[in-house]
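Going letter by letter, the sequence shown gives residues 258 to 574 in this note's numbering.
No wet-lab data here; the hints were simulated from the structure. Keep in mind it's a predicted model, so treat the numbers as computed, not measured. From the three backbone atoms N, C-alpha and C, an ideal C-beta is built for every residue, glycine too. Be aware that one or more of the hints could be misleading.
Estimated spans, in silico, between C-beta atoms of each pair [what the hints assert, rightly or not]:
id, residue 1, residue 2, range
1, 486, 303, 46 to 54 Å
2, 563, 391, 28 to 36 Å
3, 312, 413, 19 to 27 Å
4, 493, 449, 42 to 50 Å
5, 322, 277, 35 to 43 Å
6, 337, 501, 29 to 37 Å
7, 446, 292, 13 to 21 Å
8, 413, 532, 18 to 26 Å
9, 516, 561, 32 to 40 Å
10, 573, 337, 42 to 50 Å
11, 429, 409, 19 to 27 Å
12, 447, 409, 36 to 44 Å
13, 497, 449, 41 to 49 Å
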Amino acid sequence: MAQPDAHGAATTAGGVPDHTQVRGYLLTLLERIIAAVEKLDGGTFRRDRWTREEGGGGESCVLAEGSVFEKACIGFSHIHGQGLPVSASSHRADMAGAPFEAMGVSLIMHPRNPYAPTAHANVRFLIARPANKDPIWWFGGGFDLTPFYPFAEDVLHWHRTAQAACAPFGAEVYPRYKEWCDRYFFLKHRNETRGVGGLFYDDLSEGGFDRNFAFMRSVGDHFLPAYMPVVEARKDTPYAARERDFQLYRRGRYVEFNLVYDRGTLFGLQSQGRTESILMSMPPLARWEYEWHPQPGSPEADLYDNYLRPRAYLTEL
Numbered sequence: 258m259a260q261p262d263a264h265g266a267a268t269t270a271g272g273v274p275d276h277t278q279v280r281g282y283l284l285t286l287l288e289r290i291i292a293a294v295e296k297l298d299g300g301t302f303r304r305d306r307w308t309r310e311e312g313g314g315g316e317s318c319v320l321a322e323g324s325v326f327e328k329a330c331i332g333f334s335h336i337h338g339q340g341l342p343v344s345a346s347s348h349r350a351d352m353a354g355a356p357f358e359a360m361g362v363s364l365i366m367h368p369r370n371p372y373a374p375t376a377h378a379n380v381r382f383l384i385a386r387p388a389n390k391d392p393i394w395w396f397g398g399g400f401d402l403t404p405f406y407p408f409a410e411d412v413l414h415w416h417r418t419a420q421a422a423c424a425p426f427g428a429e430v431y432p433r434y435k436e437w438c439d440r441y442f443f444l445k446h447r448n449e450t451r452g453v454g455g456l457f458y459d460d461l462s463e464g465g466f467d468r469n470f471a472f473m474r475s476v477g478d479h480f481l482p483a484y485m486p487v488v489e490a491r492k493d494t495p496y497a498a499r500e501r502d503f504q505l506y507r508r509g510r511y512v513e514f515n516l517v518y519d520r521g522t523l524f525g526l527q528s529q530g531r532t533e534s535i536l537m538s539m540p541p542l543a544r545w546e547y548e549w550h551p552q553p554g555s556p557e558a559d560l561y562d563n564y565l566r567p568r569a570y571l572t573e574l
């Protein structure tokens with residue numbers, strides 16, 4: 258039986274926050290985002306429920322070849338197992354191999370129009386139960402924006418909304434998680450950021466369950482207000498083969514990051530999750546060119562010259 262703790266949060270008999278309220282929020286968030294994307298696009302998500310042999314499962318939802326989104330995917334997972342994967346415990350030796358339970362919602366949107374940016378969001382909760390120790394829990398997540406042809410007003414809107422998500426939790430929160438996002442979504446082998454950033458946080462438990470659960474909800478709730486107005490503004494912008502080719506080339510960076518650095522992808526593969534669900538975030542089309550560089554002064558060069566590096570957008574634009 259769950260009991261309220263001193264802060265009003267429901268906890269189990271072992272003192273671990275009751276994750277059923279987290280699961281309930283995640284499922285509600287899943288439905289809200291699906292409804293918003295289907296309304297804008299006019300298409301319908303294919304929804305596949307899946308189970309995992311070791312324990313748990315989830316639902317993978319994919320909209321393909323829509324009028325606005327060439328591919329939009331959003332997934333919910335709630336899994337458990339006897340050994341925490343290395344991707345989640347390499348920085349915490351006391352949790353290596355511990356039984357765990359993890360749940361989250363993750364999404365990536367790939368619009369068809371090159372002037373509409375790709376976007377990613379993820380919110381998650383994990384509990385590890387090391388032998389002879391108290392359970393350890395934390396939240397993680399964030400969202401980031403990857404434009405191909407950036408517009409200053411879109412980038413400002415994105416970061417102002419990210420700042421608003423953090424504002425109730427202290428003035429220092431947005432700068433901290435914005436900087437963490439710049440560090441995390443960085444392709445070291447390219448010496449460039451994946452896009453214009455946003456928010457990223459992980460291993461968040463300090464301050465108690467209520468505060469951190471509220472922060473996770475705020476991040477999740479601010480994704481649609483941050484992203485949908487940008488897509489609506491750019492989805493009908495005229496474009497030609499040049500812009501399409503550049504979009505596909507830059508999508509290659511997305512593939513490189515997800516397969517080389519992304520902790521979520523590594524966690525899914527290492528925990529023997531459903532491969533199709535783990536890799537559904539990949540763009541439907543991408544391309545690579547040998548020794549390609551944008552022409553100086555071109556719209557493509559604007560991305561490289563002004564956006565693929567950490568910047569304090571709220572004060573610099």
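Structure-based check of each hint:
At roughly 26 Å, the beta-carbon separation of residue 486 and residue 303 lies outside the given 46 to 54 Å, and the hint is violated. At roughly 48 Å, the beta-carbon separation of residue 563 and residue 391 lies outside the given 28 to 36 Å, and the hint is violated. Restraint check, residue 312 to residue 413: a C-beta distance of roughly 44 Å breaks the suggested window 19 to 27 Å. Remark: the range hint 42 to 50 Å for residue 493 to residue 449 is contradicted by a beta-carbon distance near 29 Å.
Between residue 322 and residue 277 the beta carbons are some 37 Å apart, a value that agrees with the proposed interval 35 to 43 Å. Look at residue 337 against residue 501: about 43 Å separates their beta carbons, and that is not inside 29 to 37 Å. Against the hinted window of 13 to 21 Å, the Cβ-Cβ separation of residue 446 and residue 292 comes to about 38 Å, which falls outside the hint. Against the hinted window of 18 to 26 Å, the Cβ-Cβ separation of residue 413 and residue 532 comes to about 38 Å, which falls outside the hint.
Range check, residue 516 to residue 561: about 22 Å between beta-carbon atoms, so the 32 to 40 Å window is missed. Taken as a hint, the range 42 to 50 Å holds for the pair residue 573 and residue 337, whose Cβ atoms sit roughly 44 Å apart. Between residue 429 and residue 409 the C-beta distance comes to about 25 Å, which sits within the given range of 19 to 27 Å. Distance hint for residue 447 and residue 409: a CB-CB separation of about 23 Å, inconsistent with the stated range 36 to 44 Å.
At roughly 25 Å, the beta-carbon separation of residue 497 and residue 449 lies outside the given 41 to 49 Å, and the hint is violated.
When the structure is compared with the earlier hints, violations turn up for hints 1, 2, 3, 4, 6, 7, 8, 9, 12 and 13 and for no others.
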